[in-house]
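J.: Residue-level listing of the chains:
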Amino acid sequence: MKLPPFEYACPTTLNEAIALLANHSGEAKPLAGGQSLMPMMAFRIAQPSLLVDLRKLPGMKEIKIGPDGVRLGALVRWRDVIDDKRLAVAHPLLKEAISHVAHYQIRNRGTVGGSCAHADPASEMPGIAQTCEAEFSVMGKAGARTIKAKDFFQGALTTALGADEIITEIHLPAWPAARRYGFQEFARRRGDFAMAGVALYYDLDGGKAANAHIGVFGVGDCQRRLPKAEAALNGKAVDEALAVKVGEAAAAEVEPQEDIHASAAYRRSLTGTLVERAIKAAMVR
Amino acid sequence: MKNTFIGTPMERREDLRFLRGRGEYVDDVAMPGLLYAVILRSSVAHGRLVSIDASAALRFPGVHSIITRADMPGGPPIIPMRLQPLPEFKPFEQPVIAHDKVRYVGEPIAVILASSVAVAEDALEAIEVEIEELPAVADWQSASANTTVLFEKQGTNRSLVFHSRKGDADAAFANAPYVRREKLRTGRHFGLTMEPRGVMAAWDDAAGKLTIYGAAKVPFFNRRILSAQIGLPVDSIDMIENDVGGGYGARGEFYPEDFLIPFAARHVKRPVKWIEDRRENLMAMNHAREEECDLEVACARDGTILAIRGEVRTDMGAYMRTNGAVGARNVSQFMAGPYRVPHVKIDSSLWMTNKTPVGTYRGPGRFEACFFLERMIDMIAADLGIDRIEFRRKNLVTAAEQPYPIAHVQPTDAKDEYDSGEYSETLERALKEINWSEKAKLQGKLIDGKYHGLGVVCFIEGGAAGPKEMARIEVNPEGKFSVYMGTASVGQGVETVFAQIAADALEVPVDNIDHVYHGSTAYVSDGYGAYHSRSTVMGGSAVLDATNNFMALLRQAAGKRLGCAESNVTLDIDKVTGGGRTMALKDFAGLTAEGAFLNKKHTYSYGAHVCHITVDAKLGRIEIIDYVVVQDVGRAVNPLTLRGQVLGSLVQGLGGAVLEDLKYDENGQFLTGSLADYLLPTATDFPNLRCVVLDDYPSPINPLGAKGAGEGGIIAAGGCMANAVANALSSFGVQPRELPLSPTYIWGLVQAGQRAAAE
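In order, the protein sequence lines correspond to chains A and B. If you read the first sequence in our numbering, its first letter stands for residue 1, the second for the next number, and so on. If you read the second sequence in our numbering, its first letter stands for residue 286, the second for the next number, and so on.
Excised from the complex, chain B in its bound form (with noise of 0.2 Å):
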């Protein structure tokens, strides 16, 4: 039999249990004897902790006990980064619970332990906090005067600077016939997912022995940590992961309340559950995004880009989180995007004010980046008379100069080139999607009150991190086969895309991969996660070769117990053949086989966003007539879980382009604590959104010749929608530096534009 579940669109296998509600989140597991934690958080963005009183709190009724730095004598542990662990970034790293100072409204201060929520929320009331205030940092503005600085010892708001270089920028700008130069900024942003984040931790005192439930994402790397700071072995610390209701990049990275909570059980010896409600998910789970750059495009009067350079700034927040880096370096290493750029010199500082820490948001870096570089695009276009695809085809990247070294990240020595791809096909694609040719004529228009715009976009997609991804395929007793993963469910249908690689792999019907199990810590003897587009590629080449192992171990079992070589060895879906004797799979229920798949290598998807909008430049609302994106995979494993993870992603940059703002005022007080401050699209918002899913060019660099594709819809969104406000309003000169494009900053520009032309 030979298979082809990869490449069909197969529907989620996850999806019948959740639409029976039969899910089983971290808030749905119950244990005899549980205690409910809340935290009580800083109302102050900066200063310095005096007391704490935690005396009447503590005679509530129902109130078992509170937790506070005094519980940590030796001081609380501190967290340290997952990605880019530098060592400069070691003094900003935050601990699991203020101590000295407070640095955002939001941080840690005490968790309370109670019979009920509500019970403790009543006592988090009665807790009285003294904090000497200082004077807050709530831009990288103010925190780059550094007057005032969060951690005095470093006498610097300033946690490091990215360099990235290619080639020779200044020589080549100072040889430019033409250069543009702009500042352009992006808003604040988070990964909100539906479930908010929530810890449950038990510990068993006789056997000394941890179990957290809610893990996500990172489980291995998670534990590694928490078994350094609690002073347990790896091995008594079992993480398990339940039904994820989404990751985006922000949940299942370790908080300090992946430290309190276990650390609460184990203090309390009683099971420990937090939840974390809506308003502590907008104050303390990763910000993303924040960053303004002053960026120069050096080009030829024919519109070739000749070089780029420029500083980028980020607000990072109070502290370096486990991966609050991304964001910044990945900015300045993808700033060209998918273009041929010789030169390029950016420079990115991390700026520490008194905010929420960031961390990374689906696309990071990459979001920004294509905003601020696509945007330019258009503006050079313009400058230099050239049609604005054609500038976009002359500079795409080509097959023929694949892979295509991009630029050089330091202090990560981080090198990286391009894999496959004819950069171009993509953005052809679309624009024959979207009839671009007859939609060309609308351009600008005053049709009915509103304006008409299109935007047009190109971009890269990073994909499939290493180092190292397991697999292990066992025969269950019922003669099918059980798949465990190293990787981590946060949401993206693995359950399904496994299956079918298995299948495929194995030569057997889909259903007989009885299950797909992921996530917990034990199930194989490592795993590396779910980030950076990394699970289909790196797991799904890690059970290839766990399938090879497997395949080998049977061969040499049915060998033994048909009495036939090895090679004569066949597996015929639940049979066993060889030698001219048959036996039944589940004979050898039990054999298993682990596999990985090791990979220093990215794979880079690409692609193209297309869009018709009207503007009512009155009242600086935006409507989208129709938005494409077309994205070249590689590999689609399954192209429908593909385009929910697309259209998805989509609808979250246009939230990022158009809605949502993680705002604060100029004391660093939080001004966006619920969902109707901080406007998340909903189903009626954006309901023209088509995608399409290409695999023409195939990575080389895995055997499945898959990349990473989660987040191809929302990185070019805020540029696409950007270029289109500016197509559309074209005759008020509008070219929008900003995001969100709120109906209050599109008005501004209108009017500005209409003085502009008035003088």
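Chain A with its partners taken away, still in its complex shape (with noise of 0.2 Å):
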């Protein structure tokens, strides 16, 4: 369970760090909270020739709030969005979601930026990056661009990014103070991955509801919105019946995996329970 060999480099501006990575030819590896990256190298499931510590790059561990919403650098970490007060207003699902991230130890160290490139499929943050159109701004040789969620995640452990690209901010759009949202999880002790994960939210046009967005996490290979069970919930006014159609609407959407953990009809099951919860506790919010 020790580290394989590999070089270390610790670049202090962006660009340094991009030729880093673009030099190594797909070897080499951005490291940021390594909570995913330094178990993966014990079980030498991951054996990067270099390790490019993005630590000491400037500018990428600020979270701003403005009008056109939340953009976090790619190095804030999952304490700093839980100890920002500003964000209980500005993104609420985000603060709600990310308390469920891991334990405390981890919380400290892990970042929103390395969660998404990592993409394990069972993440918190890409579940809300998805469910919130989220924009990822990256950096690589080439220059700079703009991916959506949509198109960043493609599947477990497999992104949009470049080898030799890094995220720089990842863009939340601003979050209307009358939203409904809820957010359910449910893993079998506190801090595991979850077994299916829900992250929702809705604006209420004329007492019904409207645009509502269904992300889930935990279900299949990658994160997604659930548009049949989101059509389900647009234009209806929300009550208990409505969140539990809703949810089996959802249940009936995904495509669920099965492991050791839970069997892939439980999943299904487990989903659609969890998005009529989180309707349930959005109606009330």
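Everything labelled a hint here was simulated from the structure, so no lab data went into it. A few of these clues could be false.
Cβ-Cβ distance ranges computed for the label pairs, FRET-style [as the list claims (entries may be wrong)]:
#, chain 1, residue 1, chain 2, residue 2, range
1, A, Q105, B, L304, 18 to 24 Å
2, B, P294, A, Y104, 27 to 33 Å
3, A, M38, B, R307, 27 to 33 Å
4, B, N720, A, Q105, 35 to 41 Å
5, A, A156, B, K948, 19 to 25 Å
6, B, L304, A, T13, 55 to 61 Å
Each residue gets a CB set at the ideal place from its N, CA and C atoms; glycine is no exception.
Two chains, two frames, a set of hints: combine them into the complex.
T.: Below, the structure is given as structure tokens:
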């Protein structure tokens, strides 16, 4: 369980970091909080030849809140999100979701950018990014580009990031104060990867749900939204009966996997239950 | 001075050094010239070992040498059984390193010795192993088909059948007015220790002496095994016990590494250290528990148990390890638990599979037996329309029936009997503690989306394995006492407990017991170790004998030096007085006497678990509202450390009840190689646990009256939780028949219940 041999660099500028990644033809890995990468290296599942430590890169640790939403620097840690009192108003769904991430020690180290770049199917942050239609600002050898969440996440541990690209910022669009939201996840122990999780929100238009966004994680090989369940919610007055219906639509829509902790049938049912409960929670917010 | 340290709650004297970070575990021991060992383990569950090519790995800078089967030209030594060493098991015992076949994922193939663990792990990946794969036997069912056999010469995967018998069960069943039959199974668990195993060995070439650090549990026995395997006299091997971070039955047994590391040290004439990492720990340390039974219980209509009968199959893994037969043996002998069952017939088969071999884990066989029978009792009580508590009251063994004979096990010819106790008293106390009469109203109720359920279970715990234990008392130069023990510490607080016993026996303050030494082979002439909840009873009784012998010796020595009759000599803490004269005890520094306690009988502590849980039927999630264990231990030497033992073992039991399961796929690939997959309880999972310790019925078989008591928390946890889940979900007709009670499993039972109701 010792790390395999690797080189280590700790650049002070983004350009330097990108050059290091580019020069190692896919064999280098950026290191942020290291909460997934280090265990993978200890298990020798990942054996990068070079680790490019991002900790000295300037300007990537800030949470910026403005009229266009929340901008999370890629090196923002879970702890920073939980501690930022502004987020209770600026993005309460993000704040609630992040309180479910792993354990205290891990939340002190793990970063939002690292989690998204790693793209574990059961992680909360990619689920929030999908649900909220986040945009990823990335920088690579060819320059800067912006990737929409739906294009960014491509499968289990697979993203649109090039080998020479680094996430610099994650942008979550503005959060209206009246927005209704819910977040639910269930793991066998607190802090474990969720067997299923749900992040959702909707706005109210004349007493009816509009702009519904329902995202799931831990179900299937990638975080995703559930358009059919969203359609079942949109345009309707939200009550408990509708919550049950939307839950059923969600359960029908997911393509759950089986593993040692949960059967596929269980995950499907669990997803429906969690969607139902998240809507019920949203109703009373 | 008349002491009463026994019975007083005392903080552990061990804890100060642990809390200050001054504990010394085997990995803390360093030596100049140390080489680090890493073990290449089979990634294949079953196959013929064709070739091992380590030449590329040997060229890695920092690699010193690589040990394989080729270094043991006579064939690798075989590890013998320690408990139940029957001739039938011989062909199934494990070689210290794979030679002709590999039989489980994790079996040692090579030992890499290098300047660091990291270097050794790099080199490990360069060793080329060719294995001709064979079909894997992944469970007892495929083992019983015998189409693929692990040991070709044996022609069968069944290493033995234990037969437990009492009375004439078949006759009782033939005439029984009511019989219920169920198939039940428990998951595969193990005694995961926070500190993984470790061995450091140093070879003194000039003296021809081997010193081994990291010994635990049964160092004297392991020294005899190693002596025979490595060809050195017993006196040329010292086994040193360092601080030990958990035992639970698994740690300290003789494993392949307990040969390989000393062998390597002698082979290369350098000290060698091996520290197990967590992945190895999960796949190399003894597994346990995975048992399935078809059990029948015959009853009278009034709920009197008439007989039990059945078959149990244990998934043994690939080899018969030192204590591997204990679980399968115990499950057959203790199927009747604390109940009066006149007729018993249990056949318990041991099936070899391509998995990590099994050994004991706290409450071996008893956890399983308790789950099996207690599950059935609840089902039967419901069938017969009898309250499940009344059913238990009616059948529990009473004090008037003690000593109560239990089933006789063959081929080990083990006859046994319970020693003392009025078993219903712990049940009554537990019901009172949890306020059962009030809570009974909640049974099956749906409140705020959760179903409430109550569980109740009675249990028996065996302890005090013989044949013998040794203790020695010595006066040190400060005029205080040192106590040397043949038993071992695996973290259970024996330094404190033995100090209390010695202080009472010598009638001195407990601080005058300066030090309790234990576990290493250098302290007493022989020792038997820490297993079967035996240390306090056996070691403590040996301390009493050593005290008697010491006092006789002191009177003799002091009588001469004080010029008085031996009978006039008295010890008063640190002074020795006689004939009007007084000497300081330290003037007798070095005076020492050994004592022993011999015993062939077992103690049986007993008790009850009760719990109040809720179940979220849609998630299959269980939460504990309250959980109480009541256990009568004969005599509680230290109620505080005992409480820690009960609660600690309860949390382990709850882990097995709802979380833990070692999983393999159909090819024998191991699926739970990390603590993200093997779900151990964490500090936040089970916050609401309580225990009450009683000592109303001392054991008649030892001078302390104590009974072994480290396993009572774990034994009944599976049964209690499963019964509570059945109670909570009674409206769905849910009857758990398996552990662990995972969300998927509970949800599946609810679904099946709903489907059945709809039809």
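J.: Now tell me if each hint is right for this structure.
T.: Okay, the hints, checked on the actual structure:
The hinted range of 18 to 24 Å is satisfied by Q105 (chain A) and L304 (chain B), whose Cβ atoms lie roughly 20 Å apart. Distance hint check for P294 (chain B) and Y104 (chain A): the Cβ-Cβ separation is about 32 Å, which falls inside the suggested range of 27 to 33 Å. As the Cβ distance of M38 (chain A) to R307 (chain B) is approximately 29 Å, the hint placing it in 27 to 33 Å holds. For N720 (chain B) and Q105 (chain A), the Cβ-Cβ distance of about 39 Å falls inside the hinted range of 35 to 41 Å, so the restraint holds.
Between A156 (chain A) and K948 (chain B) the Cβ separation comes to about 20 Å, which falls inside the hinted range of 19 to 25 Å. Taken as a hint, the range 55 to 61 Å is violated for the pair L304 (chain B) and T13 (chain A), whose Cβ atoms sit roughly 46 Å apart.
Violated hints amount to a single one, hint 6; each of the other numbered hints is respected by the structure.
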